[in-house]
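Student: Chains as they are written, first to last, in the working numbering: chain A, 625 to 829; chain X, 625 to 829; chain C, 625 to 829; chain B, 625 to 829; chain R, 625 to 829; chain H, 625 to 829.
To be clear, the hints were calculated from the coordinates, so they are not data collected in a lab. Take these hints with a grain of salt, some might be off.
Which copy is meant is left open, because identical chains are indistinguishable; a pair holds if it fits in one copy or across any two.
Using 20 Å as the maximum straight-line C-alpha spacing, the simulated SDA-like pairs for lysine to any residue come out as follows [what the hints assert, rightly or not]:
(1) 753 - 663
(2) 753 - 803
(3) 819 - 829
(4) 819 - 804
(5) 660 - 738
(6) 753 - 818
(7) 660 - 812
(8) 819 - 676
(9) 819 - 689
(10) 753 - 777
(11) 819 - 671
(12) 753 - 678
(13) 819 - 801
(14) 819 - 684
(15) 819 - 680
(16) 753 - 696
(17) 660 - 671
(18) 660 - 750
(19) 660 - 695
(20) 660 - 753
(21) 753 - 680
(22) 753 - 775
(23) 660 - 678
There are 6 protein chains.
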Amino acid sequence: MIVFLVFASDPDPLQDFCVVVDDSRIRVFVNEKFCKDPNLTTADDFYFTGLNIPRNTSNPIGSVATLITADIYPGLNTLGIAFARIDFAPNGLNPPHTHPRASEILIVLEGTLYAGFVTSNPNNRLITKVLYPGDAFVFPIGLIHFQLNIGNTSAVAFATFSSQNPGRINIANAVVGSTPPLSIDVLTKAFQVDKDVILDLQAQF
Amino acid sequence: MIVFLVFASDPDPLQDFCVVVDDSRIRVFVNEKFCKDPNLTTADDFYFTGLNIPRNTSNPIGSVATLITADIYPGLNTLGIAFARIDFAPNGLNPPHTHPRASEILIVLEGTLYAGFVTSNPNNRLITKVLYPGDAFVFPIGLIHFQLNIGNTSAVAFATFSSQNPGRINIANAVVGSTPPLSIDVLTKAFQVDKDVILDLQAQF
Amino acid sequence: MIVFLVFASDPDPLQDFCVVVDDSRIRVFVNEKFCKDPNLTTADDFYFTGLNIPRNTSNPIGSVATLITADIYPGLNTLGIAFARIDFAPNGLNPPHTHPRASEILIVLEGTLYAGFVTSNPNNRLITKVLYPGDAFVFPIGLIHFQLNIGNTSAVAFATFSSQNPGRINIANAVVGSTPPLSIDVLTKAFQVDKDVILDLQAQF
Amino acid sequence: MIVFLVFASDPDPLQDFCVVVDDSRIRVFVNEKFCKDPNLTTADDFYFTGLNIPRNTSNPIGSVATLITADIYPGLNTLGIAFARIDFAPNGLNPPHTHPRASEILIVLEGTLYAGFVTSNPNNRLITKVLYPGDAFVFPIGLIHFQLNIGNTSAVAFATFSSQNPGRINIANAVVGSTPPLSIDVLTKAFQVDKDVILDLQAQF
Amino acid sequence: MIVFLVFASDPDPLQDFCVVVDDSRIRVFVNEKFCKDPNLTTADDFYFTGLNIPRNTSNPIGSVATLITADIYPGLNTLGIAFARIDFAPNGLNPPHTHPRASEILIVLEGTLYAGFVTSNPNNRLITKVLYPGDAFVFPIGLIHFQLNIGNTSAVAFATFSSQNPGRINIANAVVGSTPPLSIDVLTKAFQVDKDVILDLQAQF
Amino acid sequence: MIVFLVFASDPDPLQDFCVVVDDSRIRVFVNEKFCKDPNLTTADDFYFTGLNIPRNTSNPIGSVATLITADIYPGLNTLGIAFARIDFAPNGLNPPHTHPRASEILIVLEGTLYAGFVTSNPNNRLITKVLYPGDAFVFPIGLIHFQLNIGNTSAVAFATFSSQNPGRINIANAVVGSTPPLSIDVLTKAFQVDKDVILDLQAQF
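For reference, chain A alone in the conformation it holds in the complex:
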């Protein structure tokens, strides 16, 4: 039997809150959500912990973005907001990506980040800033943005989003690391380079 419910938007709630009830028998089939009886909700439904714990950044890009969305934080459901902790090793990069469903505010807690985003066509302006602890930067919905740790130490930032599930598209993964891969014809023409350059790019993913 298939059972499900997928929230289709980030509207105002129609009740104080709609805490997700997770049911493993169902979760096998789809990523559904439904509301817990409000009288059975507890403080823990609205609570999330561990944002102060450094994440392991020993990976090729030296960065980890930990998104906290309604999928793992039931109290966020229907409230139109989510957040993330981002850890950077020295020279760590949160690579160019977009959030198809949310704008983002980044707040730096530790370290020095070189952050930026690119505006849409036709201008594709790159707008960047070096950020220190206590600095905030805004990434408008859907635009390609990134952060690079340019300090000598690890860096930490919090990000907040205007959706309970902003989504994330890493440009490199999507363009040269998709499953199956984009055809050579598409990529050589898109980037106006010859086949070898594209093969070099795809070889990494």
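Go by the hints and put chains X, C, B, R and H onto chain A.
Tutor: Only chains X, C, B, R and H this time, still in chain A's reference frame:
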């Protein structure tokens, strides 16, 4: 002659961004906003600094909430998101209040906070949690909530909101501190107490 | 196994209407809604009666607000609108409260009401008007408002809301009548009064 | 000089309220609206009177619908709600019409109304009910609906809408009374009747 | 056991997409939709074919509008967009109708169409244009509009809509062809004609 | 004096339509829009022509997408919909891009297109289809998508969008062709390739 625009909602933008252009001749009269020519925007339009600076909490409630909305952060305009830094002295209280236009996520950076909110009628359940650094708590849109510093040190938290201008209504200020004051008849009947209690309450504001 | 749907917003419908089908086996557990087969809907699904019947106002505040929302009026489901009948005994009070999810228009049918609302911080202006039969007054979403019957007779008003489930938070019930009660520390600091005053307030609830 | 502002939606406000300021010098050019300085607003901005005054129904259809929208009630601006008083002479008809931007709740105060609406294609079901004082009926957004006074006395109803400007399209006026008129070819084919019937219809408008 | 989901609006999705899974056992009971496991979606879920095939226009009005909505095109679900192919015989008419939930852009591929819409009360202006291949015309949400083939050949147009289920109300069908029919009293008064004219109109449906 | 209006969203209109009035004196300052007096609107405000004219595709990618948005089609303003004509030379590519503010339906008129999109993290699935005349394909909001002409002839498609200004971000232009360019450090780390490959990519833009 004065002409101006007030954004009436937190929808998706219709452009990459709409940086507020401030015009003091107009601003004197209304809190209007309009868009800067996208080609003239700079990184500073999307940048805010000083969130790491402790605020002065020497006031009767021992707490200060510094809201960063599109009014003072032009890059947030039309993006449906805003944030705040909240400082607490020992025993400091961010008193019971509502945000009429946003849900809130609170993230504790320093100290120990006793946080809670009250559900709507008919149950008016009080849902509370003690929060430590790295803990987050959600306050659904429109519900009365508060945080009390129950630690021996000062405390600091960040809050994020699902609106570029969440608004804030301090219950005590609105109910017993309005200008002009609410009539004694309304308050004695609302709280079911005699006149002296209400006069005691109003005397403080 | 129980599965159900809770409407999360007041959007435009995606069909002519979505009449709630009530299923007592489920309703025991949650306030779910789902759509009746449009071809099985009848005029009674869109019909509500009894708004002309005076309600019993013999209670401490001398007032009763009867909210008619999609919970009890299935035809309202997904239409983003609801209404209420409010009865007042002489000196009856509809106490200070907010609707977290709707603006309200009040229309007086009988009697004389002293009505008002308080704007948000920092000004907390009290805006009031004496209303007679045929007068209307607007209460913007999320703001604290009230009505007091200042005539010698009973009074009746209709209210309409911009949500199918506006919600209601009585300030007195939420602040000094919650379950469990708000801590004395929070209330004494919020209202800047000593413990005795708060105990007087809480004693009534 | 050109000045303008047109509110494009019924979203949540981004401020407590945005009272329309009317400026006849501007109104000549466009039907613009803009916000009054919140500190200059008065109770009268949120107040409307005269809903208890019977309207003159001596017209061919024996009915008058008095819409109270943000255009004439500045306090409604950005709040997503409006209302109307509808007067009926005996046998008076509020003729088949749609509201392109709102759902409606009708509440009968006096008299007996035969009310109904027609569902959309393909079924075009007619759903009707006889309404007495204290009865309410819902008309979903965009559907054709009407009310006929079938009692021996005049009738009065209040209607509320889920938009600050629901709009109104009288079917007869739009189809056979437009300026200029719809072509005979369109109407004869649409109604599958010969030219004489259409000319009879158009002759009345 | 019945399980279901009815999408209540055209908001932004909360996931990349939500492909409708159809289940005939359920469809008997409600017009539900639910999401296919994203990992099981295929290209065919996002694919629709046959728009180049002329439809049979041998019917009284000489026109066929083929609406492609989320009901028959699962990939459109939650994306807020739909489209149609409209075929016209010579002199064929797409009769006056409204879409209660969407604005429309019409693009002519073949033939010559006389297209128009009527503005709402009080002006009811008729705005028309003769359209040739490559021409587009816009019909704002909820307004009555039509297209008549005034060329000597058949005509074809594509229409796109700002909703995944715009709905359609043919004015003639709804006003004189509903089930059951609108009462003679309502129609004679609405159109200000005598009974015979109305009977002529109803006789065709 | 500066006067302006920026539409912040794609909501339902608050009037039948809001035709853009363009005023070059103002346009110098901001990309504003405002409404033409409804009584002065003409059919031409809602009309666009020339979609049947092939565009010149003699450019490096062999493709041209002609977006028709409210900026150049005033009647679309506030209606939440826009469209495009896309011309392809043999082997022409509409390169990988996103629309940050709209979902898209593509309808093929001539030729054979290989079309696809990539889902968001973590799976980054590539979903593709070969499309012939009369075929439609959906690209969900914010996802990277493309079309390649794999036929021996030129190809033509129409696209429609769920926003009056969907925006467009060409991935190649934004990632390796921005002004100023993204730093080598960011790109080498993002694509996990050495500097020479990135320089090859940037050399083309």
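Student: Measure nothing new, just compare the shortest in-copy and cross-copy C-alpha distances for residue 753 and residue 680 to 20 Å and report within, between, both or neither.
Tutor: neither (26 Å within a copy, 28 Å between copies)
Student: Have a look at residue 819 and residue 684 and pick one of within, between, both or neither, based on CA distance no larger than 20 Å.
Tutor: between (24 Å within a copy, 16 Å between copies)
Student: Have a look at residue 753 and residue 775 and pick one of within, between, both or neither, based on CA distance no larger than 20 Å.
Tutor: Only inside one copy: residue 753 and residue 775 sit 14 Å apart there, 37 Å across copies, limit 20 Å.
Student: One pair to classify: residue 753 and residue 696, alpha carbons no more than 20 Å apart. Within, between, both, or neither?
Tutor: The answer is between: 19 Å across copies meets 20 Å, while 32 Å in one copy does not.
Student: For residue 660 vs residue 695, is the C-alpha pair at or below 20 Å within one copy, between two copies, both, or neither?
Tutor: Both: 14 Å inside a chain and 17 Å across chains, each within 20 Å.
Student: Could you figure out if residue 819 and residue 676 sit no more than 20 Å apart (CA to CA) within one copy, between two copies, both or neither?
Tutor: neither (45 Å within a copy, 35 Å between copies)
Student: At most 20 Å between C-alpha atoms: does residue 660 with residue 678 qualify within a copy, between copies, both, or neither?
Tutor: Neither: 32 Å inside a copy, 36 Å across copies.
Student: Please work out whether the CA atoms of residue 819 and residue 689 approach to 20 Å or closer within one copy, between two copies, in both situations, or in neither?
Tutor: neither (32 Å within a copy, 25 Å between copies)
Student: For residue 753 and residue 777, with the copy left unspecified, which applies at a CA distance of at most 20 Å: within, between, both, or neither?
Tutor: Within one copy only: 18 Å inside a chain, 34 Å across chains, cut-off 20 Å.
Student: For residue 753 vs residue 663, is the C-alpha pair at or below 20 Å within one copy, between two copies, both, or neither?
Tutor: Classified as between: cross-chain Cα gap 17 Å, same-chain 47 Å, threshold 20 Å.
Student: For residue 753 and residue 818, with the copy left unspecified, which applies at a CA distance of at most 20 Å: within, between, both, or neither?
Tutor: neither (33 Å within a copy, 25 Å between copies)
Student: Given identical chains, is residue 660 near residue 753, meaning Cα to Cα at most 20 Å, within a copy, between copies, both, or neither?
Tutor: between (43 Å within a copy, 19 Å between copies)
Checked against the numbered hints listed earlier, the structure breaks hints 5, 6, 7, 8, 9, 11, 12, 15, 21 and 23; every other hint is satisfied.
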